[in-house]
Amino acid sequence: MSLSTKHLLGIKDLTKEDIQTILQTAEQFKEVLQRPIKKVPSLRDVTIVNLFYENSTRTRISFELAEKRLSADTINFSASGSSVSKGETLLDTVNNILSMKVDMVVMRHSASGAPHFLAKHIPAAIINAGDGVNEHPTQALLDALSIKERLGQLEGVKVAIIGDIMHSRVAQSNIYLLKKMGAEVIVCGPPTLIPKYIREAFGVKVEYNLRKALEWCDVANVLRIQLERQNQVLFSSLREYSLAYGINRRLLDSLNKTITIMHPGPINRGVELDSDVADSKQSLVLQQVENGVAVRMAVLYLLSNRQN
Amino acid sequence: MQKCKFEARPRNAVRKTGKTVYELDFEFKRFYRYFYKNFQVKTILNEQQLAITIKRLSHQVLENNTDPDDLVLIGLQPRGVFFSDRIMEEISNMLPGRSIHYGKLDITFYRDDIRNELHVPNQTDLAFSLENKRVILIDDVLHTGRTIRAALDALLAFGRPAKVELCILIDRRFSRQLPIQPDFTGKAIDSIITQKVKVFWKERDQKEEVAILD
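Going down the list, the protein sequences come from chains A and B. Heads up: the first sequence begins at 1329 in the working numbering, then just goes up one per residue. Heads up: the second sequence begins at -5 in the working numbering, then just goes up one per residue.
Extracted from the complex, chain B is given alone in its bound form:
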């Protein structure tokens, strides 16, 4: 991966100006946009690599969960469901004729930052009990771990699963704020807090790739 051009700047700027990282983040972005008319976009995975990674993760999930009757796949709203749709598609192709439990979970009402900001809820679609099932939680980017914490809380309203595992496309390691780690990882990357990692999907963004936005 190409080295980030401005990696050292935020930390120095925090010391010099006494502003928070978020304020600086905003100022830096405005600065970048002014000069480059755009974000700096660096591709981490292109369309072909992304397809291979999804295929590999689907195989890994099945390798660890041999009985598909007990298996439950759950995509996290809003952006995790594009990823979980792909995993579901791959696994269905590998097990023709078998039906696999697949649901979508919205965690809005379980967030811990509700005091600061309200979010619009998305649809939850879990039409079965999770009692004694092996659940695979699926999300696109794992950053601070707070979304997964909320998702674990939300899951318990649907029964007591035998096991919960986490499948992540991009793991932003070293930026965790809670002790949460993925069981299946597409790609682990190093990034700083001012950067954004975004997964683009054909259904929504007309292109398919994973990129870092500076």
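This is chain A alone, in the form it adopts within the complex:
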């Protein structure tokens, strides 16, 4: 039993069976995390490097914790304070690290496709922890696990992805995964933040009116406005965005049903999500973080098969 791929570069490369295997394994790891001793010896002989070329709190801590709970040896690398500032290339850096006998690489990079490039050139298993505006596969998997826990299944669930679709790798991974698992997806946001051909490319519905999207969906996955990736003015001000696309208590109470709110973090409180919504029972934000460790343990465990 193992996955159909050697690396986890994106949800795009996974089959439906792979996703089911990962979620099923993650559920068992969730049980492990409830034990008095939250550690299993499965990856005792594996060394993993966490290669972070971009800032991260949740993903990085979550991966590190997952590795430690599996008894793997870990090395942390961040681009700031390393020889990257002296001009060393990505491939050189990784090859140097690998020559110290490292088995797996967890990487985040601001350039889309960086892990795919590495996968072509190095023998270690690579896990994508977010590459530019392309994919963030473990986030999509933990979102799926959270939805499955709350609603019991993924098939037929109606999910609205709201916000900065254009610059969001979380949105892309989520759309791939939800479509593969038979869920219905609608994307919602200002026209300038939704790619023009997304309907044709992914088979998702597009809705520019937040209220209509919320009335249709069971789950709303709210995304952060990624100002650091926007190099032109796409909407007039955060305040205006918040008025048109911010989710607040009054809006949710005026709907005739209770929907589940998700957010991949970090939250800009008062912009895309109000505090009283983010901290309410409707919100899955902290469960998502909890599931993150279990999902990452499952991915590391399933990709650690050392025969290939």
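Just so you know, the hints here were simulated from the structure itself, not pulled from any lab data. If you're wondering where the values come from, they're calculated on a predicted model, not measured in any experiment. Heads up, some of the hints might be wrong.
Computed spacing ranges between beta-carbons, pair by pair [stated by the list, open to error]:
hint, chain 1, residue 1, chain 2, residue 2, range
1, A, Asp1420, B, Leu172, 43 to 49 angstroms
2, A, Lys1334, B, Thr138, 26 to 32 angstroms
3, B, Glu159, A, Ile1365, 20 to 26 angstroms
4, B, Ser123, A, Ser1406, 35 to 41 angstroms
Note that CB positions come from ideal geometry on N, CA and C, so glycine has one too.
Here the structure of chain A is known, so what remains is to put chain B in place on it, guided by the hints.
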């Protein structure tokens, strides 16, 4: 027990062909299937004998553990839980009105052959601490002892038990690879490595018996 018809063959074949026992095992089975269209199945325990054995083991477990408050029964996933369900049922019948701690343990993450093959994990269901409890580990077949080694490791994540004992339905003696022996044995049998011992349960296999597959 009827003598195994092909018992001497694997060892001679290993010497002659230089193949491993596992490779030969595969070839022999293909050969058998070709000629007999099936495995040779020999019954060790039939349904009636199996029921009596389970009853006897349940009595033995209680005989050695008189205080049921300290007793914890743990079935090993995946196939040991069918057996432990029966033991639990018998013991509950013997002690009406008393609740007995009963859990299921999956050892996938503690296996020592994880380098060669990954296994799908099953559910672990142990909703209590094992601190100072008397634990009975329950599994259907004891062969190399490696599963029990992993189970002992896994148990420690739930606390420090006062005592751990092993209850086994079929003990394939002389095939151990680790110094592990059962405390309660349903039936001890002699078998060679190419044979398989399988316990069939009604819930899963529609029949109830213990058989050797050649």
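Checking against the hints above, which ones are violated?
Nothing - there is no hint that the structure violates, so all of them hold.
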